[in-house]
Amino acid sequence: NAGVTQTPKFQVLKTGQSMTLQCAQDMNHEYMSWYRQDPGMGLRLIHYSVGAGITDQGEVPNGYNVSRSTTEDFPLRLLSAAPSQTSVYFCASKNGPQETQYFGPGTRLLVL
Amino acid sequence: GENVEQHPSTLSVQEGDSAVIKCTYSDSASNYFPWYKQELGKRPQLIIDIRSNVGEKKDQRIAVTLNKTAKHFSLHITETQPEDSAVYFCAARGGDKIIFGKGTRLHILP
Chain H
1 NAGVTQTPKF
11 QVLKTGQSMT
21 LQCAQDMNHE
31 YMSWYRQDPG
41 MGLRLIHYSV
51 GAGITDQGEV
61 PNGYNVSRST
71 TEDFPLRLLS
81 AAPSQTSVYF
91 CASKNGPQET
101 QYFGPGTRLL
111 VL
Chain P
1 GENVEQHPST
11 LSVQEGDSAV
21 IKCTYSDSAS
31 NYFPWYKQEL
41 GKRPQLIIDI
51 RSNVGEKKDQ
61 RIAVTLNKTA
71 KHFSLHITET
81 QPEDSAVYFC
91 AARGGDKIIF
101 GKGTRLHILP
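So the protein sequences, as listed, match chains H and P.
Note that my numbering has the first sequence beginning at 1, numbered continuously upward.
Note that my numbering has the second sequence beginning at 1, numbered continuously upward.
Isolated chain P (complex conformation) (with noise of 0.2 angstroms):
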């Protein structure tokens, strides 16, 4: 079945600079790959999703490329501001389910 790895599992940028989160799933056959956020006591939500059939989407601040040869795909946020501090989680759909990686907290610092 489908495996996501993600890394950090904790990321500090200033505000301002950029962050980027990375994942590798183990399915060559996944096609689908969102993120989700998740602030403190509440439920994840979509920020941005990309099919294998693209290798980059931008969204705002938002960017998302996907590398499906090395089975790579990375978040990047940039010009960070305080309320993007959260957790993040990639995933992938492998069938018909989808499945999270461990999730990456990002500390915004004044």
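Just chain H, with the same shape it has in the complex (with noise of 0.2 angstroms):
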């Protein structure tokens, strides 16, 4: 199993600009969520799901927009990227609500 992958690794982007941050998992998770890595603000919730056509907001959803068409994928879409979503993006997937959440290796995002 290659477990929770995402990509890309690194991304440049210009304000303004839009795209798509890519996670995938191939344990049949029913839950899966989108944090964000800030320096001394610790991990916070963007968007999660609790299965595939089910979405839900999280602690910081705003400028971020999230599907779930199947079971492994979660993509989480920037409309229109800002020098405050400069950050490390972390996917996460998990087999219920009280079991183990495994990690992605994470997606470095700079806009400028």
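Hints were generated in silico from the structure; no laboratory data involved.
All values derive from a computational prediction rather than experimental measurement.
All clues given are correct.
Just so you have them, the derived chain H footprint on chain P, three or more residues with Cβ under 8 angstroms: (1) 24-37; (2) 45-55; (3) 94-108.
List time: in silico SDA-like cross-link candidates among lysine to any residue, alpha-carbon distance up to 25 angstroms: (4) P:Lys22 <-> P:Thr69; (5) P:Lys42 <-> H:Pro75; (6) P:Lys37 <-> H:Pro39; (7) P:Lys37 <-> H:Arg44; (8) P:Lys37 <-> H:Pro97; (9) P:Lys102 <-> H:Glu99; (10) P:Lys42 <-> H:Arg77; (11) P:Lys37 <-> H:Thr5; (12) P:Lys22 <-> P:Val87; (13) P:Lys22 <-> H:Pro39.
Here are the computed distance ranges between Cβ atoms for each label pair: (14) P:Thr69 <-> H:Gly51: 29 to 39 angstroms; (15) P:Val54 <-> H:Lys14: 48 to 58 angstroms; (16) H:Ser80 <-> P:Ile62: 40 to 50 angstroms; (17) H:Thr7 <-> P:Gln14: 37 to 47 angstroms; (18) P:Asn3 <-> H:Thr100: 20 to 30 angstroms; (19) P:Leu40 <-> H:Ser18: 22 to 32 angstroms; (20) P:Pro82 <-> H:Thr5: 25 to 35 angstroms; (21) P:Ser28 <-> H:Gly63: 28 to 38 angstroms; (22) H:Ser69 <-> P:Gly95: 17 to 27 angstroms; (23) H:Ser18 <-> P:Asp17: 43 to 53 angstroms.
Using N, Cα and C, we set each Cβ at its ideal position, and we do this for glycine too.
Using the supplied hints, reconstruct the complex from the two chains, each of which is provided in its own coordinate frame.
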């Protein structure tokens, strides 16, 4: 199993550009989440999903969209990138509400 | 919604000594409390977790305690080693969400 994979590993955007961060898992997990990590701020939940077709907002959802058309994939879309979205983004998945959550390797995003 | 506070933000201990990291949570319905370790440049990884039906759990040098009444939980690392140097995050399950504390950077001094 590859576990949780994320692409790209690193991306530079200009203000106003859009892009999609990809996340996939091959463990047949129902739950998937996106977090952003900023210095001194810990891991903040952006959006999450409890199954295909179901998504919900986390702590910091503004400026981001998600969809969950399959169990395996959970892409994160930045509609119009802003410098405040410069961060490291982690995708995570788990098999149930109290099960171990596994993180992907992260995507480092720089918005100029 | 759930809110998790974590202290201290930085902790330095001599190699061989014990380290304690404390967290509080706000949602009395929370029932699952994982702890993650993140080494520099790497992804967070689960090191131990506790469910609300127990008060303490141990795994070798690591233990977690939970006080549901006070809404406190703590991570204890005994006989610290250089490889314990990392950032540690506590978290709490609020509904379908896992909410994290801001992290503790642990330095193990030689």
